[in-house]
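J.: Here are the chains, one letter per residue:
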Amino acid sequence: NAGVMQNPRHLVRRRGQEARLRCSPMKGHSHVYWYRQLPEEGLKFMVYLQKENIIDESGMPKERFSAEFPKEGPSILRIQQVVRGDSAAYFCASSYDRATNEKLFFGSGTQLSVL
Amino acid sequence: KQEVTQIPAALSVPEGENLVLNCSFTDSAIYNLQWFRQDPGKGLTSLLLIQSSQREQTSGRLNASLDKSSGRSTLYIAASQPGDSATYLCAVAAGGNKLVFGAGTILRVKS
Numbered sequence: 001n002a003g004v005m006q007n008p009r010h011l012v013r014r015r016g017q018e019a020r021l022r023c024s025p026m027k028g029h030s031h032v033y034w035y036r037q038l039p040e041e042g043l044k045f046m047v048y049l050q051k052e053n054i055i056d057e058s059g060m061p062k063e064r065f066s067a068e069f070p071k072e073g074p075s076i077l078r079i080q081q082v083v084r085g086d087s088a089a090y091f092c093a094s095s096y097d098r099a100t101n102e103k104l105f106f107g108s109g110t111q112l113s114v115l
Numbered sequence: 001k002q003e004v005t006q007i008p009a010a011l012s013v014p015e016g017e018n019l020v021l022n023c024s025f026t027d028s029a030i031y032n033l034q035w036f037r038q039d040p041g042k043g044l045t046s047l048l049l050i051q052s053s054q055r056e057q058t059s060g061r062l063n064a065s066l067d068k069s070s071g072r073s074t075l076y077i078a079a080s081q082p083g084d085s086a087t088y089l090c091a092v093a094a095g096g097n098k099l100v101f102g103a104g105t106i107l108r109v110k111s
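Quick mapping for you: the protein sequence lines, in order, are chains H and F.
For the first sequence, our numbering assigns the number 115 to the last residue and increments by one with no breaks.
For the second sequence, our numbering assigns the number 111 to the last residue and increments by one with no breaks.
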């Protein structure tokens with residue numbers, strides 16, 4: 001079991017470009033969560049997805065950010081028209097059941113740098 | 001709104017010392033509380049999970065306690081080692097499906 005896999009590990013984008021971050025959950029996990037860690041801050045919840053459904057996106061910025069978890073393939077966090085303030089570490093986590101019931105397993109994160 | 005606070009923000013101890021990390025949360029209506037370890041440039045590793053009905057959990061040299069009524073948890077590390085150096089994060093599973101994290105305690109164990 002390879003664990004939660006995120007790629008790329010590092011992503012550099014210029015202002016105005018699009019960033020796509022990918023997350024493959026642990027085998028058998030159908031719950032995926034995205035968190036963002038800004039410099040010098042704690043992790044903040046962004047979105048919770050199950051296969052083909054967004055369950056809770058209360059932490060997502062209203063514009064430019066979107067997430068999906070298709071029936072086949074990894075979960076994608078997409079940031080359109082990136083700005084410098086989007087520079088952060090983005091972590092994906094997965095679980096077999098809901099986060100209220102059990103441990104989350106985190107990936108190593110994607111460090112996004114916006115020039 | 002749930003808020004999680006961790007004290008101290010940073011801690012430096014000599015190898016072999018026992019130490020305590022503190023976590024407090026403002027809303028006692030939680031499902032569980034987790035302690036994580038974060039190493040630089042890496043993801044988070046779950047150390048211990050305490051369900052709301054439990055008082056403590058132990059794993060090796062680690063012991064975590066939970067006092068839900070007072071909104072507090074402690075992580076006790078016995079006989080600390082340089083390899084324990086990392087950032088330790090406390091997180092509560094509150095309403096909905098999200099974890100609310102504290103800002104962490106940066107631990108350095110000197111050899």
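Hints were generated in silico from the structure; no laboratory data involved.
Note that the structure is predicted; figures quoted are calculated from it, not measured.
Glycine included, each C-beta is placed from N, C-alpha and C at the ideal position.
Watch out, some of these pointers could steer you wrong.
Simulated restraints, written as ranges between beta carbons of each label pair [claimed, not checked]:
#	chain 1	residue 1	chain 2	residue 2	range
1	H	Glu40	F	Asn22	42 to 48 angstroms
2	F	Glu15	H	Arg15	23 to 29 angstroms
3	H	Ser30	F	Gly41	35 to 41 angstroms
4	H	Ser30	F	Lys1	45 to 51 angstroms
5	H	Lys71	F	Ile106	38 to 44 angstroms
6	F	Asp39	H	Arg15	26 to 32 angstroms
7	H	Gln111	F	Ser59	27 to 33 angstroms
J.: State for each hint whether it applies.
T.: Okay, the hints, checked on the actual structure:
1. H:Glu40 x F:Asn22: 42 to 48 angstroms: Violated, since H:Glu40 and F:Asn22 (Cβ atoms, about 20 angstroms apart) do not stay within the stated range.
2. F:Glu15 x H:Arg15: 23 to 29 angstroms: violated (46 angstroms)
3. H:Ser30 x F:Gly41: 35 to 41 angstroms: violated (28 angstroms)
4. H:Ser30 x F:Lys1: 45 to 51 angstroms: Violated - the Cβ-Cβ distance for H:Ser30 and F:Lys1, about 29 angstroms, lies outside 45 to 51 angstroms.
5. H:Lys71 x F:Ile106: 38 to 44 angstroms: holds (41 angstroms)
6. F:Asp39 x H:Arg15: 26 to 32 angstroms: holds (31 angstroms)
7. H:Gln111 x F:Ser59: 27 to 33 angstroms: Holds, since H:Gln111 and F:Ser59 (Cβ atoms, about 29 angstroms apart) stay within the stated range.
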